[in-house]
Amino acid sequence: MTAPAFAPETEERLALARQVADAVLFEGYVLYPYRASAAKNRLRWQFGVLVPPAWGAECEEHDFQHTECLIEPRADAVLAVEVRFLHARRRTVQRALPDGGFETVPELHLDDRVLVPWDEGAEERVELVAPVAQLAGDGIEFPFLKPAVEDTEPVLDATGRTVGRLIRRSAEITGVVRLSTSELDGPYRVSRLTAVVENTTPWTPPEGHAADRDAALPHSLVATHLLMALSAGSFLSLTDPPEWARSAVAACRNLHTWPVLAGEPGRADLVLSSPIILEDHPAIAPESLGALYDATEIDEILALRTAALTDAEKREARGTDERAAAVIDLADSMPAEVLERLHGAVRGLREITGEPEGFPDEFGVARPETPWWDPASDAGFDPEQDRVMVDGRSVGKGSRVELRPGLRHTDAQDLFLHGRTATVEAVLHDVDGAVHLAVTVDGDPGADIRREQGRYLYFQPDEVAVAEDAP
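If you number the sequence shown the way numbering that gives the first Met the number 0 does, the last residue is 470 and the count never jumps.
Hints are computed from structural coordinates only; laboratory data are not their basis. In this text, all values refer to a predicted model and were calculated from it rather than measured experimentally. Don't take every hint at face value.
To be verified - Once the Cα atoms are required to be at most 25 Å apart in a straight line, the calculated SDA-like pairs of lysine to any residue come out as:
| id | residue 1 | residue 2 |
| --- | --- | --- |
| 1 | K145 | Q45 |
| 2 | K145 | I166 |
| 3 | K145 | A306 |
| 4 | K39 | K396 |
| 5 | K145 | R124 |
| 6 | K396 | A433 |
| 7 | K145 | T193 |
| 8 | K39 | A306 |
| 9 | K145 | E242 |
| 10 | K39 | D211 |
| 11 | K396 | D331 |
| 12 | K145 | K396 |
| 13 | K396 | A307 |
| 14 | K145 | A14 |
| 15 | K396 | G445 |
| 16 | K396 | A306 |
| 17 | K396 | E383 |
| 18 | K145 | R177 |
| 19 | K145 | T199 |
| 20 | K39 | E383 |
| 21 | K39 | E462 |
Claimed, not checked - Cβ pair distances, simulated, as ranges:
| id | residue 1 | residue 2 | range |
| --- | --- | --- | --- |
| 22 | R73 | D137 | 20 to 30 Å |
| 23 | I300 | W243 | 36 to 46 Å |
| 24 | D213 | E8 | 53 to 63 Å |
Cβ atoms here follow ideal geometry from the backbone N, Cα and C, with glycine treated the same way.
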């Protein structure tokens with residue numbers, strides 16, 4: 000076994016898979032509103048954190064990941080493995096003193112940003128290559144060490160004068176990667192590949208700080224995942240295996256991670272084992288223009304919310320982290336036509352319609368003249384004229400109603416509107432025959448914009464009552 004640079008062909012395949020792996024690596028790295036002071040950013044890094052063994056014994060987090068998948072290697076096949084994780088770098092902010100010294104401060108104000116203490120994430124990689132034949136039986140193990148590092152960066156104002164400095168410190172991390180294979184019985188030459196990534200850092204919690212996760216993070220492998228590539232042969236999908244392999248797939252043990260086929264669709268020589276469950280051949284949406292680090296949200300919503308931050312909030316976000324600053328700059332510079340592309344894309348119909356990938360118009364794909372189903376195009380329905388009975392009274396466009404959500408339990412946010420009055424904008428009938436009221440909430444300052452864009456809130460007739468002051 001060796002740890003050289005990957006062969007050019009392997010590196011090319013891994014480069015494609017890293018686009019998705021980067022999204023895993025930085026999932027939840029810094030959440031909207033991208034400021035260190037935000038409550039959402041005070042408990043960070045929820046996925047794939049491998050803590051030191053002494054800390055793992057004190058909490059519910061783990062010090063290892065265990066991956067098992069099936070491979071069909073050809074003769075002389077070589078396995079390339081890349082373990083990727085973030086190494087926390089604790090950043091301290093200091094202000095320059097008149098006598099030439101420095102003092103630690105909670106924040107340092109500059110013209111365009113406010114620098115604050117923060118844990119940055121430095122990407123780390125462990126690369127190894129081994130012939131598959133050497134992995135049989137007990138296999139091999141590859142210990143690794145990432146040394147402690149301290150560096151200092153001067154902070155300059157607009158005139159070039161030193162007004163402070165940033166000190167970044169990272170702790171030493173040690174770990175081990177274990178690889179082994181066992182051939183399965185049967186007519187096919189199939190082996191079970193086991194890959195274990197373990198944090199072996201000999202750090203122990205300080206006396207009296209047994210439950211301090213913040214102290215353990217600099218000694219942890221954060222957002223840990225691995226890429227595995229075969230030079231000859233293929234992996235079997237654990238999501239959609241061939242019928243003859245289903246029982247063998249069901250016997251695979253995957254702890255704190257899940258392997259899926261990665262890289263180009265149609266190929267099976269690359270696997271991404273991730274702490275986030277993905278489908279085979281995951282890909283970044285073509286509409287996405289950059290990382291927003293908050294994948295529990297929608298790009299369009301994040302872009303709009305970020306652009307709406309105040310100047311003071313943006314200054315703090317820019318000083319929180321370079322990646323947060325990049326998000327602010329991206330939202331501020333996003334052209335209207337690019338934002339429109341984030342408004343939604345229906346890909347599931349392309350298998351039926353035969354439409355090629357890409358955005359409408361740009362690649363010659365004509366926009367449909369009408370939506371796939373438009374109530375106004377059916378002579379039997381008219382959203383602006385139709386009426387529906389609510390508590391024995393006729394309700395239609397212009398009617399005022401009181402919102403009483405809770406019967407369907409489909410959207411927790413609707414519960415906050417309980418008791419609010421709203422104006423009915425349209426009465427809609429869906430393809431299943433159900434009736435929906437499109438409404439705008441009274442007093443909503445964005446009601447005119449919602450009405451112009453046709454973006455309403457929707458309630459069924461049994462979720463509203465006629466407002467008391469309604470005619």
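key: Straight-line alpha-carbon gap K145 to A14, limit 25 Å   = 23 Å, holds
ask   = Taking only the CA atoms, is the gap from K145 to R124 under or equal to 25 Å?
value = 10 Å, holds
25 Å Cα cutoff - pair K396, G445 = Distance of about 19 Å is within 25 Å: holds.
request  = With respect to the beta-carbon atoms only, verify the hint that D213 and E8 lie 53 to 63 Å apart.
outcome  = 43 Å, violated
task = Take a quick look at whether K145 and T193 sit within 25 Å of each other, Cα to Cα.
result = 24 Å, holds
ask   = Going straight from one Cα to the other, do K145 and I166 come out at no more than 25 Å?
value = 19 Å, holds
Satisfaction of hint between A306 and K145, Cα-Cα up to 25 Å = 38 Å, violated
request  = Decide if the proposed pair is consistent with the structure: K39 and E462, CA atoms, cutoff 25 Å inclusive.
outcome  = 32 Å, violated
ask   = Does D331 lie within 25 Å of K396 when you go C-alpha to C-alpha?
value = 37 Å, violated
key: Range hint 20 to 30 Å (beta carbons of R73 and D137) holds or violated   = 23 Å, holds
request  = Given the hint that K396 pairs with A307, test it: the Cα-Cα distance must not exceed 25 Å.
outcome  = Distance of about 32 Å is beyond 25 Å: violated.
task = Below or equal to 25 Å on CA atoms is what counts here, so check K145 against K396.
result = Given that 25 Å is the threshold and the Cα spacing comes to 65 Å, the pair is violated.
Hints 3, 4, 9, 11, 12, 13, 16, 20, 21 and 24 from the earlier list are contradicted by this structure; the remaining hints agree with it.
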